[in-house]
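Student: Chain by chain, the residues run as shown.
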Amino acid sequence: MLLRYVGRRLLLMVPVALGVTLLVFFSIHMVPGSPAYTFLGPHATRTAVAAFNQEWGLNRPVPVQYWLFLVRLFHGNLGDSLFYQSSVSSLIASRVPVTLTLLVGGAVLSVIIAVPLAAVAAVHSGKLIDQVIRFTSTAGLGMPSFWIGTTLIILLGLVFPLFPVGGYGTGLWGHADSMFLPCLTIAISIAPTLLRSLRTSLIDALGSDYVAFARAKGLSARSVLYKYGFRNAAISAVSVLGINIGFLVGGTVIIENVFALPGLGQLMLTSILDRDFPIVQGITLIFSVIVILVYLFTDVAYALLDPRVRL
Amino acid sequence: MKLNRVTLLIATAASLVLATTSMAAATGRSPATSGKKIAHIQRGGTIIFDRGADIISLDPTQVSDNESIWADECIFEPLYEATPNGKALIPDMATSYTVSKNHLVWTFNLRQGVKFSNGQEMTSADVKFSINRVAAKASNPWTFINADIKNITTPSKFQVVVTTKTPWSPLQADMALFANGVIPNNLAGEMPAVFWAHPIGTGPFMVKQWIKGNSLDLVKNPHYWQPGKPYLDGVNFVSVPDDNTRLLQLESGSAQIDEFPAWSQVSELQSKPGVTMKLFPSSWTQFLGFNEQIKYFKDVHVRLAISYAIDRAAIVKAVLFGHGTVANSQVTPALWDYNPKSPGVQYNLASAKKQMAMSKYPKGFAVKLLVGSGNQNELTMGQIVQSELLPLGIKVTLQEVNGAQETTLQDGSQFQMSFLYDTTDIIDPDELMTFAAAGGSGAQGTHAEFTNYDNPEVNSLITQAEHVFPQAQRQKLYDQIQLILDQDPPMAYLFYQPFAYAYSNNVHGFDVYPTGNYHFENVWLSK
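These protein sequence lines map, in sequence, to chains D and L. One point on numbering: in the working numbering, the residue at position 88 of the first sequence is 88, and numbering is uninterrupted. In the working numbering, each residue carries its 1-based index in the second sequence increased by 1000.
One thing to keep in mind: the hints can contain errors.
A short list of chain D residues far from chain L (calculated; beta carbon distances all over 10 angstroms) [stated by the list, open to error]:
#, residue
1, G7
2, R222
3, V240
4, V294
5, F297
Cross-link-like lysine to any residue pairs, in silico, SDA-like; alpha carbons within 20 angstroms at most [claimed, not checked]:
#, chain 1, residue 1, chain 2, residue 2
6, L, K1212, D, V96
7, D, K227, D, V115
8, L, K1212, D, I272
9, L, K1229, L, I1041
10, L, K1212, D, N257
11, L, K1208, L, W1196
12, L, K1165, L, N1151
13, D, K227, D, D204
14, L, K1212, D, L273
15, L, K1137, D, D80
16, L, K1101, L, V1161
17, L, K1137, D, G57
18, L, K1137, D, T47
19, L, K1137, D, W56
20, D, K127, D, A139
21, L, K1208, L, Q1120
22, L, K1212, D, Q85
23, L, K1212, D, L172
24, L, K1272, D, L158
25, L, K1157, L, Q1112
26, L, K1368, L, Y1421
27, L, K1165, L, T1098
28, L, K1368, D, G33
29, L, K1157, L, S1096
30, L, K1150, D, T47
31, L, K1208, D, T170
32, L, K1115, L, H1519
33, L, K1212, D, D80
34, L, K1212, D, I254
35, L, K1317, L, F1280
36, L, K1212, D, T170
37, L, K1208, L, A1197
38, L, K1208, D, G171
39, L, K1212, D, L269
40, L, K1137, D, A51
Honestly, the hints are just simulated from the structure, not real lab data. The C-beta atom is built at its ideal place from N, Cα and C for all residues, glycine as well.
For reference, chain L alone in the conformation it holds in the complex:
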């Protein structure tokens, strides 16, 4: 069965329009090229990109930190990729696919004539090898994304057949996961240590040198398949942990892009001449999680009361200096299942008191809130929550622990209340739904993001949505889930946080996708 040819065409067209408008927007903003058209793209130059930390590994199957993921995405490309707004998929290493009537056998037709950075042609054997590596070990961080894949075969040089265990609707989005990026079969015959020092991919850039802890120097891939691209000679990802130093380097011209300026610096940067300060929509959603192993939180009225009692706008102002949006749903606006009209639970002290009175604990109780020591954002949020829950008779003690311990306590469900957040790695809602809402023996066994929330109705709707194909039908299921989660929330949804980047005005076409990655093949520097 030919699936979604029309959808695919529409998506491609839509993304092209979006890409063009975002490009136009970027060029329009910079005085150097205002009024000029994209035809004036200038070639050459290397961008120095200051980021908060260095990458950990160039092997995309072995990383879970964003710095590594986003750098690896400049080197390796998967079968599909997200559109700039993150709402649809467009072909990358594949050009099209078909799926069998029983929805179990997916045949991907590969883009022909694509060469790796070493000049070798990309074929189906490479794709099979690459995808199989992702779940090769149970301890690999991305095994769960490919968990429904039963096997992969290569009937011809440019065809890859993926067979799933169940009819698995997120598969196409799963194929767009960075970890499924294509590398040569058997590492092109190299020893792993040799290969991963200078990995070979089909992406716009390749590794010139990685000075661990300092910088990753990427240069243009001479065999890149998109004609005329990339425009830049290279991108140098430099690790500059200090917020002030990153800003000073941008100001002095020794760097062109500053990743994540401190929220307190954003407003100042917005009015700084020569600098573009941009807040890109992201999938970062901030929550306050309730552990339902604690008896108070088994009571839905308590969870609702707390959720109503929190003034989200005050938190956005105090933590993000106003550069974020109050959350109205558990679903991130970055994904297509987000419903902007969902009311969510908003600040309303009267409703909070009403819910508290309806609960089994109308007089309140004492509870501990886990916060990361030295994590200024969480400490601020903690203090706000602390004071806002007092009118309900809930006495919150802040339990300060260091970062690694916090993660361990969170992931082990050993907390009472804790700040949790989600970002998505694929543009299908399934990853976050199974992770943050599915309880019981949910596919990932994370028990609704470690809150031990378990709503059988939600669980069954999530499973249904994984096996239904038309997106409109899935949307209905996800809408239903969001409605239930509004009335029976596992966490209080606080805010959506953008990705903040400051860059020099001579950088053009720089765009950050909701999954956080950037497409430097579209970026150019004006002299």
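Isolated chain D, as found in the complex:
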């Protein structure tokens, strides 16, 4: 049943992703500004511009260019960058690990931060500790991520030099070391939402009849919290986390910028500014696939947590 559902969703991904590329293709071509001028620089002569457009087929009608893009895509080829002299897929491949680490690491850290705090807040609902947790999380929610990032760099990179000041590092350990602060920045910006929704649903669950019954049965407080509280509260938290990661996919560029990480967001931004069409199309495709997959995982997790949900 679950497998069939996942299969159907994966198949549905094809038209959705194609729809996204269609929209992006036409909108980026409609946005004024031509790659010929950005490639050739401020001294672009008219002959050079014409030759550039001819060479890359940019003078052909946009639907024809889209058709050629599709044909290449079905051969597994995303085309070549107009600027970098290399294929779009190789450019993307080198950056996917950075962005994925950022997303996964950020999500994991946000769970690590949010879950225990939510539990403490829910268990001590209304008391001072709850108020403190709620207040700090609201503050966290209000801070823009570039500010959190810069503050973390100053604090944990400069004042207490525990982590590198930006950069991606070299080697596995180097990457892990440099990715910690960026992931923490993401975690700090997602955790408050997650914490608040988890706290509310935990309070609901802990106040419910089945929890009262479990307590009456004589189960330990810990067992009640984990087996009855969390399992039920997690359902809403999972969707909150999923949606947040979905938003984050497009928002990593800010964090990549602050921490000087060579991720997809950076490449996307410069390619949009330069009008490097093939890269923009390629990354949009990857982003849409990531978002669709995150939502799929969210739904599957949902079903696994709550047997009442039939996929």
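Given chain D, work out where chain L should sit, using these hints.
Tutor: Below, chain L without anything else, positioned relative to chain D:
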């Protein structure tokens, strides 16, 4: 005919003196070595150099962005190179040249014993191959610089003969263009993709690894021809787009050089211990361009009125936090044809009103000024211009568009007023003159930097200057052009902007040339 042997000698001597003084200045400033001589140069170490963006390509014929150009110049060397002050040329891969009586045939004698980073000897075939690549396609960005070259031959292993279509006086400077840097003939037999991943050049450094979008790691070329150089083991160009992060990395010691700190950070950095904050003279000249397809700007009095109405000092203060110079000429001070005594058009509201009254539109008009959205400098300048033109009755609306669209509109002459700037890639005035002043069917067809300015007298003087050889004679022509441009300006000349670099005090000998490139073969790190 032996040309300019004396000039060449003087230039070489002058540049040596300059190089020594700038080196001495750099070492003198740093507490670590104050009072010590260059004899104490320390070897080894790798510099982490934070720059705003990564390079786009290692192929110098295919790039127009400065990050790529300046990195490529550490790997490839052309026949000639500019002196540190950008006023003269000194031999690099060539040692001397002669030019025929009719000024059409240039024979370059190559430096012998130069080896590429793979150990292969550099010969005339390599030079011919490299120069021919620059204009191999019309869509190459630097085709226009080599446009006057008719053909190149190699009579011997160490001689290259360049024949031009016309007697072309900027040729020696053209040969110093980074894109004319020497690579091995036929890419040393490698496939292009393989070659350009680890290109081979004669420069002080070679590529260890390029992680696209992140960093370009250069290491010392073991076969470099200058004895004892480079002093460093390597230079790592790291892309750090955020101004604050670059500064924090410099402060934490995880980087040694910070490219272009924000103008608002410069004064603070100037008094920061352990850091040298330096403003190197550059060729960056900022203009306000008028499109003469718009009827108001056909009237020279309108152009002069606007030019007089702009308080350039206020703009320098607001945009560059005072770290720039008010422009007095269209010509950049980086080039030898710059006349420091040229009065230019300066802020004078009375003259502005007088010119406006003399124009066909004494009551003023409404006009649009193109600015890049998110380009804080242009937005600030735009607001200043907006308020300063009000007393003339000129109502300026800011037309905000994103960067790529702005370039497209500018280069397509689809603007009314627009902020334009120039930087030069060669140290001959010809590139900028043909680009930013020549109208009509000017050599580059850019119609005076897209303003559609067309002054036949200027056009003819520019063409003359391309075909006259003694520099003194060319200087006279360029002086004449500057005088005309003062009275009939295609744009308002606003300011000259330096290259700002902050670097750690243990970096010595770091110098940025007016064309923006750096010579890391002269740089060393003290422990």
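Student: All the hints need checking, so say for each whether the structure fits it.
Tutor: Structure-based check of each hint:
Annotated as non-interface, G7(D) keeps its C-beta farther than 10 angstroms from every C-beta of chain L; the closest such distance is 35 angstroms. Its beta-carbon lying about 44 angstroms from the closest one in chain L, R222(D) satisfies the requirement of being farther than 10 angstroms from that chain. At roughly 29 angstroms, the least C-beta separation between V240(D) and chain L is larger than 10 angstroms, which holds for a residue marked as non-interface. Distance to chain L confirms V294(D) as a non-interface residue, since its nearest Cβ pair spans about 23 angstroms, more than 10 angstroms.
With a least CB separation of 27 angstroms from chain L, F297(D) remains clear of the 10 angstroms interface cut-off, as annotated. With a C-alpha separation of about 12 angstroms, the suggested pairing of K1212(L) with V96(D) holds against the 20 angstroms cut-off. Straight-line distance between C-alpha atoms of K227(D) and V115(D) comes to about 14 angstroms, which keeps the hinted pair within the 20 angstroms bound. Between K1212(L) and I272(D), the direct Cα distance comes to roughly 17 angstroms. Compliance with the 20 angstroms bound is thereby established for this hinted pair.
About 11 angstroms separates the Cα atoms of K1229(L) and I1041(L), which keeps this hinted pair within 20 angstroms; it holds. Taking the CA atoms of K1212(L) and N257(D), the gap is near 15 angstroms; set against the 20 angstroms cutoff, the hint holds. About 12 angstroms separates the Cα atoms of K1208(L) and W1196(L), which keeps this hinted pair within 20 angstroms; it holds. Simply put, K1165(L) and N1151(L) have alpha-carbon atoms about 9 angstroms apart, close enough for the 20 angstroms limit, and the pair holds.
For a cut-off of 20 angstroms, the pair hint linking K227(D) to D204(D) stands: about 14 angstroms separates their Cα positions. Among the hinted pairs, K1212(L) with L273(D) is consistent with the structure: their alpha-carbon atoms are about 17 angstroms apart, no more than 20 angstroms. Taking the CA atoms of K1137(L) and D80(D), the gap is near 18 angstroms; set against the 20 angstroms cutoff, the hint holds. A C-alpha spacing of about 14 angstroms is found between K1101(L) and V1161(L), which places the hinted pair at or below 20 angstroms, so the restraint holds.
For a cut-off of 20 angstroms, the pair hint linking K1137(L) to G57(D) stands: about 15 angstroms separates their Cα positions. Of the supplied pair hints, the one linking K1137(L) and T47(D) holds, its CA atoms being roughly 11 angstroms apart against a limit of 20 angstroms. At most 20 angstroms may separate the alpha-carbon atoms for a hinted pair to count; K1137(L) and W56(D) meet this at roughly 13 angstroms. Between K127(D) and A139(D) the alpha-carbon distance is near 19 angstroms, which keeps this suggested pair within the 20 angstroms criterion.
Of the supplied pair hints, the one linking K1208(L) and Q1120(L) holds, its CA atoms being roughly 18 angstroms apart against a limit of 20 angstroms. This hinted pair checks out: K1212(L) and Q85(D) have alpha carbons roughly 11 angstroms apart, not beyond 20 angstroms. Simply put, K1212(L) and L172(D) have alpha-carbon atoms about 18 angstroms apart, close enough for the 20 angstroms limit, and the pair holds. Pair hint K1272(L) plus L158(D) holds up; C-alpha atoms about 16 angstroms apart against a cutoff of 20 angstroms.
Straight-line distance between C-alpha atoms of K1157(L) and Q1112(L) comes to about 9 angstroms, which keeps the hinted pair within the 20 angstroms bound. Taking the CA atoms of K1368(L) and Y1421(L), the gap is near 18 angstroms; set against the 20 angstroms cutoff, the hint holds. Pair hint K1165(L) plus T1098(L) holds up; C-alpha atoms about 17 angstroms apart against a cutoff of 20 angstroms. For a cut-off of 20 angstroms, the pair hint linking K1368(L) to G33(D) stands: about 19 angstroms separates their Cα positions.
Among the hinted pairs, K1157(L) with S1096(L) is consistent with the structure: their alpha-carbon atoms are about 15 angstroms apart, no more than 20 angstroms. For a cut-off of 20 angstroms, the pair hint linking K1150(L) to T47(D) stands: about 19 angstroms separates their Cα positions. For the hint pairing K1208(L) with T170(D), the CA-to-CA distance comes to about 14 angstroms; that is within 20 angstroms, so the pair holds. Taken as a hint, the K1115(L) and H1519(L) pair is honoured in the structure, with Cα atoms around 19 angstroms apart against an allowance of 20 angstroms.
As the CA atoms of K1212(L) and D80(D) are separated by approximately 15 angstroms, the hinted pair is consistent with the 20 angstroms bound. A C-alpha spacing of about 19 angstroms is found between K1212(L) and I254(D), which places the hinted pair at or below 20 angstroms, so the restraint holds. Of the supplied pair hints, the one linking K1317(L) and F1280(L) holds, its CA atoms being roughly 18 angstroms apart against a limit of 20 angstroms. Proximity of K1212(L) to T170(D) is assessed by CA-CA distance (about 14 angstroms); at most 20 angstroms being required, the pair is judged to hold.
The suggested pairing of K1208(L) with A1197(L) holds, with an alpha-carbon distance near 10 angstroms, which does not exceed 20 angstroms. At most 20 angstroms may separate the alpha-carbon atoms for a hinted pair to count; K1208(L) and G171(D) meet this at roughly 16 angstroms. With a C-alpha separation of about 15 angstroms, the suggested pairing of K1212(L) with L269(D) holds against the 20 angstroms cut-off. Proximity of K1137(L) to A51(D) is assessed by CA-CA distance (about 8 angstroms); at most 20 angstroms being required, the pair is judged to hold.
Checked against the numbered hints above, the structure breaks none of them.
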